[in-house]
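K.L.:
As a plain string of letters, each chain reads:
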Amino acid sequence: MIHLAKEDIRHTLGKFLVTAMGVGMLLGIVLIMMGVYRGMISDAEVLLEDLDVDLWIVQENTLGPFAEASRVHEDLKYTIKSLSAVDKSEAITFQNLQLPLADRKLAVLAIGYDIYGEINPINPERLIDGRVLKSDHYEIVVSDKTFYKIDDKIKLGRNSYKVVGITHGTVASGGDPLVYISLKDAQELQFTYTNKRIASDRQRGIINKDAHLVNAIIATTKPAYNVNEVAQDIRKWLHKSVYTRAQQKVVLTRNVVEKASKQIGLFTVILIAVATIIIALIIYTMTLEKMKEISIMKLIGLPNSIIIKMIVEETLLLGVLAFIFGNIFSHLIYSKFPKNVLLEIPDALLLFVIVVVASIFASFIGVKKVINADPTAAIGG
Amino acid sequence: MSKKQAIKVENLKKSFGSGDAFVDVIQNANFTINKGELVALVAPSGAGKTTLLMMLGCVDKPNSGTIWLGDEKVYENAWLTKETRKIRREKIGFIFQAHYLIPFLNIIDNLTLLPQANRIKDSESKKKARELLKYFDIAEKENAMPSQLSGGQNQRVAIARALMNNPEIILADEPTAALDMNRSTDVVKMLKKIAIEQDVAIVMVTHDDRMLQYCDKIMKIENKGIVFE
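If you're matching them up, the sequences are chains B and C in order.
Mapping of the first sequence onto our numbering: position 172 corresponds to residue 172, and the numbering continues sequentially without gaps.
Mapping of the second sequence onto our numbering: position 131 corresponds to residue 131, and the numbering continues sequentially without gaps.
Derived by calculation from the structure, the hints in this document are not laboratory data.
The structure displayed is predicted, hence computed values, not measured ones.
It is possible that part of the hints are untrue.
Pair ranges (Cβ atoms, derived) [claimed, not checked]:
| no. | chain 1 | residue 1 | chain 2 | residue 2 | range |
| --- | --- | --- | --- | --- | --- |
| 1 | C | Ile196 | B | Val353 | 55 to 65 angstroms |
| 2 | B | Val357 | C | Phe228 | 52 to 62 angstroms |
| 3 | B | Ile360 | C | Arg130 | 30 to 40 angstroms |
| 4 | C | Asn143 | B | Val357 | 30 to 40 angstroms |
| 5 | B | Ala377 | C | Ile196 | 28 to 38 angstroms |
| 6 | B | Ala377 | C | Asp122 | 25 to 35 angstroms |
| 7 | C | Gln213 | B | Ile360 | 49 to 59 angstroms |
| 8 | C | Ala178 | B | Thr12 | 37 to 47 angstroms |
| 9 | C | Ser18 | B | Leu17 | 42 to 52 angstroms |
| 10 | C | Val23 | B | Val274 | 45 to 55 angstroms |
Glycine is no exception: its CB is placed at the ideal position from the N, C-alpha and C atoms.
This is chain B alone, in the form it adopts within the complex (with noise of 0.2 angstroms):
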């Protein structure tokens, strides 16, 4: 059996090859958004997991830290703890801070934790060289991310910190690395100014009270209790806000990375429209090439079926080939991304379908052309 869309791609071969690389890096580039969405969920769970606790207690009507600046006492930890369903409770603070590196500045996440508390942030498996913090000053772990090695000093507001620690994997939400400090170098930071500041507050008859503030409380329940009446509870008698795990996973990945997602989304849909407009240029245009032969076999009298069947074939394997040439293009490509870029394996079987489809819809406009082709155009005179 003549198998005419195999026939015509052998006849022009490297054409169709060097045109299906082209939608195919078009296709990888949506395999990279679709990661980088991924990195970001990813990324947003990842403190959340190591953390592994059952209850955040942020300031009143906010979302906490992640969403919003949240401010409690650090003493709520003992009101907390106390309380028969609560087994653990540990206040943390984050705080943006810029790592100064050789040449620039580098964003990160800075936890800070009470070093000798129930709860430690920094999950073992991910530490790759060093150790856990063990001294209340000046001591810090950072990610590989932040290029830093063991023994590295960083300069942080007043101080300078050592680097004891390298994590592997550890970023906020947002992409940035994470690094660990102690809760009292992290109130520190974050709550105390400079001195020019402080005289200038003590002229106004401001004293700083803010430096045993933290940014949540966090807190581990006892087997046999209910996490969400737990949860209510602390809320109707302490005038907090509480998120259970599963409601701060609903915060990190719905009010923090949401728009993000949907631009990531958007683009997303608008790659593949164009993917499907330009193969469906390129059918059209190889259709158009072969508008003499197909007026010529409509003539001789091949039914429409089997020129139908040859520019949908055509299409499809195009669109298959891309696919293929689209995944390699994101494997080879995707690790050069700076933010985390996971690609998944049902991500790319969505967009196989999807290239599958689209590729069906943009084999309509050359079947179109061979439904409307004349037969008559084939003989002259």
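Dock chain C against the given chain B, drawing on the hints supplied.
P.N.:
Just chain C now, with coordinates in the frame of chain B:
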């Protein structure tokens, strides 16, 4: 022995346009062409040769009249079947000014494409194609692409393609227009031989008077009607 009718036309009319743009091309054409005949269709440019050919080939729709292809009445003031393309596929062979082979198919695939559409077995159609290529003395070219063959060889392949469906009629639109005198003579002699040996009626449009000597009949379009010389 009386020859079998291949084409019979009665009161065929064809016009284009309307109002000031109205053009009457064929009026009350009546003729019969028998199997085994090579008929030349001669007329000045624009007189309606190709239009007549297209009506006989069930491509262009006449305004009125009757057309028989073999024993089958295919048109009587309207097409009598929705599948005019099937009639072309099964009963008619076409030869054009240029060979118009499918450039991305090799020679044997060009020949077997139509039988494939007629659901004829691949082995059967390939056997027939090889026989025809041998008949036309180009058997060794079956795997070549049309671009690798000379103009004359391609035209022979095109004629072979027209014979692949065992047609009752071959409609040839200036098949020698792109060939030199010697090759033109070869092609027309070949068509004459095919008409006899394959018992096919061939209607050949030509502007070359030198080819008329090889034809059984000369059909002219004069004053919008058909006359035979």
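K.L.:
Compare the structure with each hint and give your call.
P.N.:
Against the structure, the hints:
1. Between isoleucine 196/C and valine 353/B the CB atoms are about 60 angstroms apart, so this pair conforms to the stated range of 55 to 65 angstroms.
2. At roughly 59 angstroms, the beta carbons of valine 357/B and phenylalanine 228/C sit within the given window of 52 to 62 angstroms.
3. Between isoleucine 360/B and arginine 130/C, the C-beta spacing of about 38 angstroms keeps the proposed range 30 to 40 angstroms intact.
4. Hint check: asparagine 143/C to valine 357/B, Cβ distance near 38 angstroms, so the stated range 30 to 40 angstroms holds.
5. Between alanine 377/B and isoleucine 196/C the beta carbon distance is about 33 angstroms. The supplied range of 28 to 38 angstroms therefore holds.
6. Distance hint for alanine 377/B and aspartate 122/C: a CB-CB separation of about 30 angstroms, consistent with the stated range 25 to 35 angstroms.
7. About 56 angstroms separates the C-beta atoms of glutamine 213/C and isoleucine 360/B, a value consistent with the hinted range of 49 to 59 angstroms.
8. Checking the proposed 37 to 47 angstroms range against alanine 178/C and threonine 12/B shows it is violated: the Cβ atoms sit about 25 angstroms from each other.
9. The hinted window of 42 to 52 angstroms between serine 18/C and leucine 17/B holds, with their beta carbons roughly 51 angstroms apart.
10. Checked against the given bound of 45 to 55 angstroms, the beta carbons of valine 23/C and valine 274/B, roughly 47 angstroms apart, stay inside it.
Hint 8 alone, counting from the list given before, is not met by this structure.
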